[in-house]
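Asks: Each chain is listed here by its residues.
Number of protein chains: 2
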Amino acid sequence: MYNFSYINPTKLIFGAGQIEKLKTELPADAKILIVYGGGSIKHNGVYQQIINALQGFEYLEFSGIEPNPHYETCMEAVEIIRREQINFLLAAGGGSVIDAAKFMAAAALFKGDDPWQIVEQGLSIESALPLCTVLTLPATGSEMNGNSVITRDADRNKLGWGSLKVYPVFSILDPETTYTLPPKQIGNGVVDTFVHTTEQYLTFATDAKLQDGFAETILRTLIAEGPKALQTPRDYNVRANLMFASTMALNGLIGTGVPQDWATHGIGHELTARYGLDHGQTLAIVLPGALTVLREQKGEKIAQCGRNVFGINEQNIDTQIDKTISAIENFFEEMGISTHLSQYGITEEAADAVSARLAERGWLLGEKQNITPQMVKTILLLRK
Amino acid sequence: MYNFSYINPTKLIFGAGQIEKLKTELPADAKILIVYGGGSIKHNGVYQQIINALQGFEYLEFSGIEPNPHYETCMEAVEIIRREQINFLLAAGGGSVIDAAKFMAAAALFKGDDPWQIVEQGLSIESALPLCTVLTLPATGSEMNGNSVITRDADRNKLGWGSLKVYPVFSILDPETTYTLPPKQIGNGVVDTFVHTTEQYLTFATDAKLQDGFAETILRTLIAEGPKALQTPRDYNVRANLMFASTMALNGLIGTGVPQDWATHGIGHELTARYGLDHGQTLAIVLPGALTVLREQKGEKIAQCGRNVFGINEQNIDTQIDKTISAIENFFEEMGISTHLSQYGITEEAADAVSARLAERGWLLGEKQNITPQMVKTILLLRK
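Going down the list, the protein sequences come from chains A and B.
For the first sequence, the tail end lands on 384 under the numbering used here, and the numbers increase by one without skipping.
For the second sequence, the tail end lands on 384 under the numbering used here, and the numbers increase by one without skipping.
None of these hints come from the bench; they were simulated from the model.
The structure displayed is predicted, hence computed values, not measured ones.
What you were told as hints is all true, and nothing was included just to trick you.
Identical copies carry no separate label here, and so any pair may be met within one copy or between two of them.
Using 30 angstroms as the maximum straight-line C-alpha spacing, the simulated DSBU-like pairs for lysine-lysine come out as follows: (1) 228 - 323; (2) 21 - 368; (3) 165 - 368; (4) 31 - 42; (5) 165 - 31; (6) 184 - 42; (7) 21 - 165; (8) 23 - 165.
Chain A on its own, in the form it takes in the complex:
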């Protein structure tokens, strides 16, 4: 196990009917900006629950956060935050809305020239407005971490950044809010959670028994509950297990003291920036290819995943690895998320374009930072 430090100050408030806790968790002098997306919270009752809980508080609203939230949109909100002296942000939605609110929280107090520097240069921020979340789409784990991914629309630049200062003060997770999610969003969310987990788990073996066992628990939970969420949308326990799984997959815990490999996310972000694919779709495409190309380096852990997650027990290590990678791909398809570029109408051209973009960035990907642009090309050609 590697040395590590771990802290996660976010308070989780979990369960049916918990949105009303806003009223006791928010400070009395909060002047709130409610940040949300395209308005689905107005159809599923979440908006009304929030408004009911906020009686007696001062608040404004900012809607229209897009998937893969734009820097440009966030900056409109920042202007309102500054002008109206907002002192607490409430993000109601999924990862895009929460990521956007994190950027607003940092940008509003940023003293430099252009808050985009926080994202592009990874500038360490000194302070941020406090924020809380009402999660409606389990997927990114953003409700219990300090990570955020923002896209600058002007040049289609999609980048991640993070800070301890933008961990939500508290996050309310009511599984019932996910009952009305469309199947595609459930599939994307399960794939995203699955891939977050593998990126902290399918590396090389370090005898970290807790982290491995926790990661395997999350993966088994997704495999057991994901298809049920598609089949029986109003099963509370299914939704509760999926929601808690997505939070635990990326709140830092399973990644403590172990190697990590965020190559699939890195490559996936470029596919989204260039072709507009959903985040989960890009991950479903890339992961099986990345595991195939890196099968030697990751072989021991892929085999372990096969045994402990999928119950695959082949004597021959190559067969074990092949079957495990196939099982992962099949699971993504079972969740309704296609795993090949051609299924989205994207040609081989993507392999060259994405590897060129990554070469330009000069990033070293993978747990051994040994994934070259040429390997990225190979990965994507496998997924045509």
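Start from chain A and add chain B according to the hints.
Replies: Here is chain B on its own, set in the frame of chain A:
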């Protein structure tokens, strides 16, 4: 899954050589009281590492915290804390030392008549001094929670209390500090961790897949690594896995949203208070008896534990339960901790005495609060 709220603000700093981080984690104006036990930290190098890290800080020392720390001893320290205007406590040791420091932190700022009220009446405290820990004995999880157990020596009253205010600000966990622990302390620590876990897991089934899987991971880790710690004391990964397991077993996570049953601890505390047994010893005695008496209520989860933790797969449910309880008992014995009262020279009299004491307290034990004093007697008679 039940509704829950969860927060854990403690920062973990984990790994070899991390004690030196005290120097960067402590505030510059800290006036520190180092709290420790019988001096083992002076023999294993931990004391010297702490002193080296504290160069430039103002500090005093308070040693002599006993196992099952006494209220009376803590109050001596509180007098020093108040007189010397100590503003940060550093607990160096295991659960007893950390629990004592938590009580000191709360008692030093207590405004009522007698700080014992915090323990006996469970008074909610308004504030506490900040504290940090250097853990040397993985067992109680006290390094990452707000719990504390204090014994008033005058009347042999051993009671637990807790507050969010006494979570350590940070805890340093260096697995190398555990290399020199005597086998009995390793055994006690592993048993304590095992029983903490079962008390949040062996209740009734609630389809909480994450919590169950995390608990099973901790139990499997203890079973795999515990005996190795006895056989090869200087295996870093073994010690790292055990240390992280004991923290994760009682930092609140696996107990979120599920029923809990702290009967074994409750009964065990009375055995310690009356007969002076080690905490781990009392748990090793009580748990197999408690599971036997509550085998109907807990049957489904005991059987699941057998399958997922011990690899026991019997068709007949009764055989499955019997074999699982035996496997738990055998594991405790393998860790060198005897599981019957007679092995400690204690007679059947204990069954009457402890059940009478619990009747007097009027506590309702068990996840269904249905364990009567008569059942406690039956449990202990099974363990004579």
